[in-house]
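Student: Those protein sequences? They're chains E and W, same order as listed.
So the first sequence is numbered by my numbering: it starts at 211 and just counts up by one.
So the second sequence is numbered by my numbering: it starts at 13 and just counts up by one.
There is no bait here: all hints are sound.
Below, in silico cross-link-like pairs of lysine-lysine (DSSO-like), each with a Cα-Cα straight-line distance of 27 Å or less:
1) E:K240 / W:K155
2) W:K196 / E:K334
3) W:K79 / W:K68
Covered by chain E, according to a simulated footprint, are these stretches of chain W (three or more residues, beta-carbon under 8 Å):
4) 93 to 103
5) 127 to 134
6) 188 to 199
7) 212 to 220
Since the hints were made in silico from the structure, they are not lab data.
Where is the CB? At the ideal position from N, CA and C, for every residue including glycine.
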Amino acid sequence: MHISEGVLSGPVLASGAVLAMAGTAIGLKKIDYDRIVHVAILASAFFVASLIHVNIGPASAHLILNGIMGLLLGFAAVPAILTALLLQSVFFQYGGLTTLGVNVVVMAAPAVLVHYLFLPLLGKSSPLNFTAGFLAGLFSILFSSLLLGLALWFTDENFFETSLVIITAHIPVMIIEGIVTGFCVTFLLKVYPEIIPVRKK
Amino acid sequence: MIEEKFASGRSFIHQLDPKIRIIASIILSFAAALCDNLYIAGFYFIISSILITMAKLKWMDVVNRLKPLFWFLLMIWIILPLTFDGETVYQYYGLRITVSGVILCCKITIKSITILLIFTALIATMTVASLGNGLHRLYVPDKMVFLLLMSYRYIAVIEEEYKRLLRAAKFRGFNPKTNLHSYKTFAYLAGMLFVRASLRAQRVHQAMLCRGFNQKFHTLDVYQPNRLNSIFLMGIFAASLSLVIFEIMWI
Chain E
211 MHISEGVLSG PVLASGAVLA MAGTAIGLKK IDYDRIVHVA ILASAFFVAS
261 LIHVNIGPAS AHLILNGIMG LLLGFAAVPA ILTALLLQSV FFQYGGLTTL
311 GVNVVVMAAP AVLVHYLFLP LLGKSSPLNF TAGFLAGLFS ILFSSLLLGL
361 ALWFTDENFF ETSLVIITAH IPVMIIEGIV TGFCVTFLLK VYPEIIPVRK
411 K
Chain W
13 MIEEKFASGR SFIHQLDPKI RIIASIILSF AAALCDNLYI AGFYFIISSI
63 LITMAKLKWM DVVNRLKPLF WFLLMIWIIL PLTFDGETVY QYYGLRITVS
113 GVILCCKITI KSITILLIFT ALIATMTVAS LGNGLHRLYV PDKMVFLLLM
163 SYRYIAVIEE EYKRLLRAAK FRGFNPKTNL HSYKTFAYLA GMLFVRASLR
213 AQRVHQAMLC RGFNQKFHTL DVYQPNRLNS IFLMGIFAAS LSLVIFEIMW
263 I
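This is chain E alone, in the form it adopts within the complex (with noise of 0.2 Å):
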């Protein structure tokens, strides 16, 4: 989910910048050297698996996943999403530099707020587990659009309309999102259960 160059005020730019460089200067505290290989090579499988292209119908669309990187990482899910979207720029040149604070907070600031709320849902019972991850990816992708409709409606109220086109047209994306993340979260704890950080009573 990106925002693109040219769109944006100043403020809302500004404001961006300097929410996603405090989200990465807490991220990168909570990361210590012994840990920071996991991250980097976690936002690696991130990027890679945002071009995972899933059908809706006749259309596609690709995964954005970033309410398990923020199930997986907490905070550190924000320097992670910076790279890679760093990357993807680089790379696809999905959107530019100015925007990229905005992008970073539109990413990550859901994913943060999702481990708060359902990581510690996780590791009951397995029903619980698939409804935590799919709430996890809905909201994700729920609260993304909600603050990308939130940064075009403070650039200007004419954007309004825009921005409910934008939530609408994601609402397909957050229930397979939802869907995916719920499977993804049952696998996970299935398969290799030490990857997801569940807090020990």
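Starting from the known structure of chain E, arrange chain W on it as the hints suggest.
Tutor: Showing chain W alone in chain E's frame:
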């Protein structure tokens, strides 16, 4: 699928110090993003086209690279003229096309293309390794540079893993459709990618420790201080500043 098409070249731009290119692209991109006048945006577009020409990139490749942007612009051109308030230029029953909507669309089109051209000319013309080197010398935190370089290094590896998994699924008759089974398969595939990435990270980390990793990356690229670098940066700075001042005075 993933390649750095523009990074190898022998133009003037390719020879500039990465640090200088990063600073220049930040100045120029933000100046272009904040400009609010159609004609001034045109000037920025000319500057960015000159940069692309200076980097000796093929225009065909550059246009191909901008394809994702064009879809977005198409959407903007469909929605904005109809939904913006302002003086009506054309009316067809309930649909009104407004002047301000059309002007805004033009501005967004020129500005977004300009900013992406600047990025292509200045940043996409270096390898991610040089980008990391440049960021490091601009005092970006070590851990951030480490993350960037490390995930860049492993993207190709993880992509190989992904292709292998997808191939295995296809051999077993997997045919993606709009159904739960396909989503489940893709979910397990993505999950397996995360598992393999994590296991690989453990091995890489151990291997790095064995080789005495002391939390520092050393760069082998050395850029000689060159007067052209500062002249280029001054030129970009002067051009942006004069356009900004011109816009403030003019309006």
